[in-house]
Amino acid sequence: MTGAGETTEVPAQSEVTGYAPAELDRTTRLELYRKMVALRLFEQRAYDLFLQNLVKGTSHLSLGQEAVAAGFGQAMRADDYTFCTYRGHAHTLVRGASMTGVMAELLGRSNGILGGKGGSMHLTSVEHYAMGSYAIVGAHMPIAAGAAWSAMERDSGQVAVCFFGDGTTNIGAFHEALNLAVVWKLPVVFVCENNLYMEYTPIGSVTAVPSPAADRASAYGLERVLVDGNDPDELYGCASRFLERARDGDGPALIEALTYRKGGHSRADPGKYRPDDEVERWMARDPIDLYRGRLLELGFGAPELDEIDSGELAAVDRATQEAKDGQAPDVGAIETQVFADGGNAWRN
Amino acid sequence: MTGAGETTEVPAQSEVTGYAPAELDRTTRLELYRKMVALRLFEQRAYDLFLQNLVKGTSHLSLGQEAVAAGFGQAMRADDYTFCTYRGHAHTLVRGASMTGVMAELLGRSNGILGGKGGSMHLTSVEHYAMGSYAIVGAHMPIAAGAAWSAMERDSGQVAVCFFGDGTTNIGAFHEALNLAVVWKLPVVFVCENNLYMEYTPIGSVTAVPSPAADRASAYGLERVLVDGNDPDELYGCASRFLERARDGDGPALIEALTYRKGGHSRADPGKYRPDDEVERWMARDPIDLYRGRLLELGFGAPELDEIDSGELAAVDRATQEAKDGQAPDVGAIETQVFADGGNAWRN
Amino acid sequence: MAELSYRDAVAAGLAQEMERDDTVYMIGEDIAAAGGVFKATPGLLERFGPRRVRDTPISEEAITGAAMGAAMTGLRPVAELMFSDFIATCWDIIANQIAKTRYMTDGQITLPLVIRTANGAGSRFGAQHSQSLENWAMAVPGLKVVAPSTPADVKGLLAASIRDDDPVMFFEHKSLYATKGDVPDGEHVEELGVAKVRREGSDATIVALAAMVPRALDAAERLAADGIDCTVIDVRSLVPLDTQTILGSVRSTSRLYTVEENPRLCGWGAEIASIVAEELFYDLDGPIVRITTPHVPLPAADALEDATLPTVERIYQTIKNSD
Amino acid sequence: MAELSYRDAVAAGLAQEMERDDTVYMIGEDIAAAGGVFKATPGLLERFGPRRVRDTPISEEAITGAAMGAAMTGLRPVAELMFSDFIATCWDIIANQIAKTRYMTDGQITLPLVIRTANGAGSRFGAQHSQSLENWAMAVPGLKVVAPSTPADVKGLLAASIRDDDPVMFFEHKSLYATKGDVPDGEHVEELGVAKVRREGSDATIVALAAMVPRALDAAERLAADGIDCTVIDVRSLVPLDTQTILGSVRSTSRLYTVEENPRLCGWGAEIASIVAEELFYDLDGPIVRITTPHVPLPAADALEDATLPTVERIYQTIKNSD
Ligand SMILES: Cc1ncc(C[n+]2csc(CCOP(=O)(O)OP(=O)(O)O)c2C)c(N)n1
Ligand SMILES: Cc1ncc(C[n+]2csc(CCOP(=O)(O)OP(=O)(O)O)c2C)c(N)n1
Ligand SMILES: [Mg+2]
Ligand SMILES: [Mg+2]
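Residue numbers (our numbering), protein chains in the order written: chain A, 1 to 348; chain B, 349 to 696; chain C, 697 to 1019; chain D, 1020 to 1342.
In short, the hints are calculated from the structure, not lab data. Bear in mind the structure is a predicted one, so any value in this text is a computation, not a measurement. It is possible that some hints are incorrect.
As the list claims (entries may be wrong) - Below, simulated DSSO-like cross-link-like pairs (lysine-lysine); rule was C-alpha separation at most 30 Å, straight line:
#: 1; chain 1: B; residue 1: K533; chain 2: A; residue 2: K272
#: 2; chain 1: A; residue 1: K56; chain 2: A; residue 2: K324
#: 3; chain 1: C; residue 1: K735; chain 2: B; residue 2: K533
#: 4; chain 1: A; residue 1: K272; chain 2: C; residue 2: K1016
#: 5; chain 1: C; residue 1: K892; chain 2: A; residue 2: K324
#: 6; chain 1: A; residue 1: K185; chain 2: B; residue 2: K404
#: 7; chain 1: D; residue 1: K1199; chain 2: B; residue 2: K672
#: 8; chain 1: B; residue 1: K620; chain 2: D; residue 2: K1058
#: 9; chain 1: A; residue 1: K185; chain 2: D; residue 2: K1199
#: 10; chain 1: A; residue 1: K56; chain 2: C; residue 2: K892
#: 11; chain 1: B; residue 1: K404; chain 2: D; residue 2: K1215
#: 12; chain 1: A; residue 1: K262; chain 2: C; residue 2: K1016
#: 13; chain 1: C; residue 1: K1016; chain 2: C; residue 2: K892
#: 14; chain 1: A; residue 1: K272; chain 2: C; residue 2: K876
#: 15; chain 1: D; residue 1: K1215; chain 2: B; residue 2: K620
#: 16; chain 1: D; residue 1: K1058; chain 2: B; residue 2: K610
Said to hold, decoys possible - Stretch by stretch, here's where chain A covers chain C in the computed footprint (C-beta under 8 Å, at least three residues):
#: 17; region: 876-882
#: 18; region: 998-1006
Don't be surprised by glycine CBs; every beta carbon is placed ideally from N, CA and C.
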């Protein structure tokens, strides 16, 4: 309406394929499926708890976008770093963070993964190399570059992976991080999850180019990479390739994955600003439904997939119960962990 | 050394020509020459005064880069807006700001164009639509976009022109300003004066692409424009074309002009970090020498050019004298013009 | 008088000024088609059209920079920053450019612009979406700083801010958006730089701002029941600061308490305390006490957040137990 | 003891720590090949190589962000921001990310990093290159804030800052770079959070920081000649703040003056004034007086700049004429 761009349509397959491995072993496929199911069930439960008024703050769900977290999560080395946004449940869980800890954090309990201090938007699990969820758009991009710089200097072979949204491509930190990463040839992979919207505003109406990340790759001397964000095989293949490149010392990548969120931007948003036919088209491309279909076609048995479903549901049930059993944090925690000595002593 | 890029060489003429008008009238040519000479003589004088310790703060000269200010200054409509940097003497003067006022400002006198409050880095002459010199790299780019937005909404036909350096292309504000300008189709022309260096560091060593501005135009859906920054005809032609486009409602442009500063970054810098042969090559491309040569070839007479030289020298002499005659500002000025009521009343 | 929510008073103030002056323009993220993420600007797009009410990219430097460039060339822009925490992402434009340009140009450039932003805690959003940052703005010469506590003040002070020829940082408090109050009918404009005495008492002066005002008033009622009668002053505008109202009150009560939502160090309460400790030293009967959020980033969990901010109980206890 | 300039003490402190700990890395604009625009880092590139001493693009968010990411993953980065004014361009990274991340993650993330920057006025650089911004940093929970006044403290406090496991904002004063002083030989490390009494006197306590310390000392000499004997305390570290040294001194002198280079509103002096006005109210013999730069962006002309900052004369007159 006011903008120069157009809302990006569902991508033509021809434009976004090419990274899916020709062959993928059974275990990897089942693991991709399992990861997506786990993330889906967890977030559906989080949404239920929100409706029960148990989630007190905001929360941003990745329902519909699970393939990205699953594909990259599967491809990463255990000690690769993840940096993500306030929409970070999936990216944190997929690295191995405790479902109970994450759920309890959403409920503001003392057994939350951040002791209740951070909440939904700041999930972090350093023991799993999930180095934080950042709630200011774009800020984590240079931070991810810094982790990659450290990995490079320590010669650790680690890669940093940084997830962000389409709207994030218009903020200054995006530009600074990409330039630095290329100039220093850092082992960092930037992954734009283009779900076509910022909060309520379509990305096309405020962006100078149709593909907000891919169309800017050349400004950093990078390859243009646009992938189907709802296809875990494609994402796994793409992630594997660029993680390997980065690990080999060949520098960063910028990947744009086209996807869509099933619901609104955050907890209270019904997402009514999205045209019905657009929503319909994308709902027909649910990454889990499609992948389940593909697996069945490939000869996987429905029972083994069902078993995964029920196993993950049980895990979510357990986490829910444990989270609910958690206590409210002690107010003594308020003045802890400001400084490395564990306290808050700004004066003597 | 540490970077991915390479120092940009003197551009091949083939890459940077094409905008110079086939024919240019006498008056315009003489005016381009006159402008460059005036800027040159003024800044040489400023440098002399610095050596005499009369310029107290810092100062950043455009010696060697005069063709950009002259070409654009000549092409602009009287009420087009200019935004420039701490290296802004030339851009401010070329709009018509008083030489005395600018010189007195450098000397910190009360007859300075800013009453001594701003100094060399903040030259402004609103009556000439020179809307300020900004000393934080990149900050003026969104501000220039804002002036263009205002011009568009007021339907005034004005264009905003924003000058900045090569190093500025790596800061976030550059990215945000360009995207906004394109999305809102603003009448703003961004002009990168690529003089190959930031302060002391070559731009090639910290930039992901060889042409820091031109190679990024496509990230904003803009045409790639790289011009010879030492050729005033070329710059005049280029400016005319993109000012007209912007004035016609066809949106912004991003222009990269290749040039070189004769001296160091700022007053105290001898510029020793630059390789001798590079300096030599560029000194042979002095924009005024070259242009004088061209004019003579085209049949202009040496006496008429000499007359311009001496006229401008006289103007600089006059300005110098008037500036030196100025008083130190009254300390009463310190607490004025913080607010629009002329004062500083933060309390009653 | 009509009863309006604090949220609706924002839209009412904007509509009043946009109707009156067609150089008033609004820009910000999700403010137009969506009516703002706090629903403080609904209906304005429909009423004033897509040129005067415009969605932006997520580019806070471009938003504030554009507002500045437009303000110096004939518009009166109102820019929204969705959360006040995001002023950090464009702090250079605000603190180095907007605040200083009039001064540096010796008055050549005038910047009639308003930056509206949702400030403060109480929504369990955690440390990056809950800060009270009015003191960041107060510390920068060249900015005016306003933080209303009632719907009437939202409308009246927003109107005054838009009409002011200087840049104004206008802090709306997130946890007050749903509160309601009477707003005068017809055109309503207040004056910047005038504090409001919300309650008169002779025993002590409590100075509060924004969401701390109702808490200070509640505490004052409890103290009154204990025989301690307090004046409560709503500062409303930190710059310009109505020191005379504060000094006048302290002169008569001889005790000063400030209630600040910001973390302890360098809050506006410290500035007021230092003014009183210099100018009314001999009038004071006892220590000046600042009641603030402790010097911590804010926690997210409801149980923690509630106990971090100054509560009515803490205000009450602090004043009751002061020596 | 060797005599060193304040500028050389920066390089000496960095070299000492880089020698000792090979996880210490330096990044910044023009710091490597050029040795820094204030020539505070010459020779380090040659000594420690281009990986540990690295030039960056003009990308302050990338510089500070990279330092943060590296600090959480095993390095101890020292990032230079050329002028402290530029912290505004990366204020989100500093104030919202670096300061808050340890807290938000309940201690999972530790950020041992230092941001060095050239602070303060006196070089006729004008309002965008001359600010004293230590109070911006002081206002943000989670940051430590250091501002040395002597070459020995530059070296010792910089070393302490690098060894500290928390993020430290290290403010070097531009107008002190050329000053000289004795620096202990061999390894030299000071402690953060310890103020230094630079002069003992019984009539009043003057608290100063960085470039205001020598001015306060000069004023104290003039006052002593008039029979007013002052203690001068060099705060050195605003966070952690050595309130005990200040309170102890005020307890014995009964008078407090602060000398701040920052503009008036919400400076560190206000915080100290508010602490003293609360905790030592009954010990005070007279008003607390803050001597500050007026609340203006700084002017550029030498005649104006000199008269804007607190001068020895103004400090002297203010204290002499206090009631
Ligand atoms: C600097 C900044 N500006 C604005 C916001 C508010 N905000 C939070 S999420 C969001 C939309 C982000 O869109 P996108 O990058 O596409 O990510 P998505 O939410 O779609 O995953 C906005 C504007 C913010 N958190 N930080
Ligand atoms: C945000 C910011 N970072 C750093 C500086 C310090 N600085 C001033 S000029 C300059 C170099 C700018 O280079 P370029 O953009 O190429 O312009 P040039 O000076 O060559 O005209 C730097 C780093 C600054 N003023 N602002
Ligand atoms: Mg999005
Ligand atoms: Mg340059």
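Hints versus structure:
| no. | hint | in the structure |
| --- | --- | --- |
| 1 | B:K533 with A:K272 | 28 Å, holds |
| 2 | A:K56 with A:K324 | 13 Å, holds |
| 3 | C:K735 with B:K533 | 28 Å, holds |
| 4 | A:K272 with C:K1016 | 51 Å, violated |
| 5 | C:K892 with A:K324 | 45 Å, violated |
| 6 | A:K185 with B:K404 | 42 Å, violated |
| 7 | D:K1199 with B:K672 | 35 Å, violated |
| 8 | B:K620 with D:K1058 | 14 Å, holds |
| 9 | A:K185 with D:K1199 | 41 Å, violated |
| 10 | A:K56 with C:K892 | 34 Å, violated |
| 11 | B:K404 with D:K1215 | 34 Å, violated |
| 12 | A:K262 with C:K1016 | 53 Å, violated |
| 13 | C:K1016 with C:K892 | 24 Å, holds |
| 14 | A:K272 with C:K876 | 27 Å, holds |
| 15 | D:K1215 with B:K620 | 42 Å, violated |
| 16 | D:K1058 with B:K610 | 23 Å, holds |
| 17 | 876-882 | violated (count 0) |
| 18 | 998-1006 | holds (count 5) |
In summary, the structure is inconsistent with hints 4, 5, 6, 7, 9, 10, 11, 12, 15, 17 from the numbered list given earlier, while agreeing with the others.
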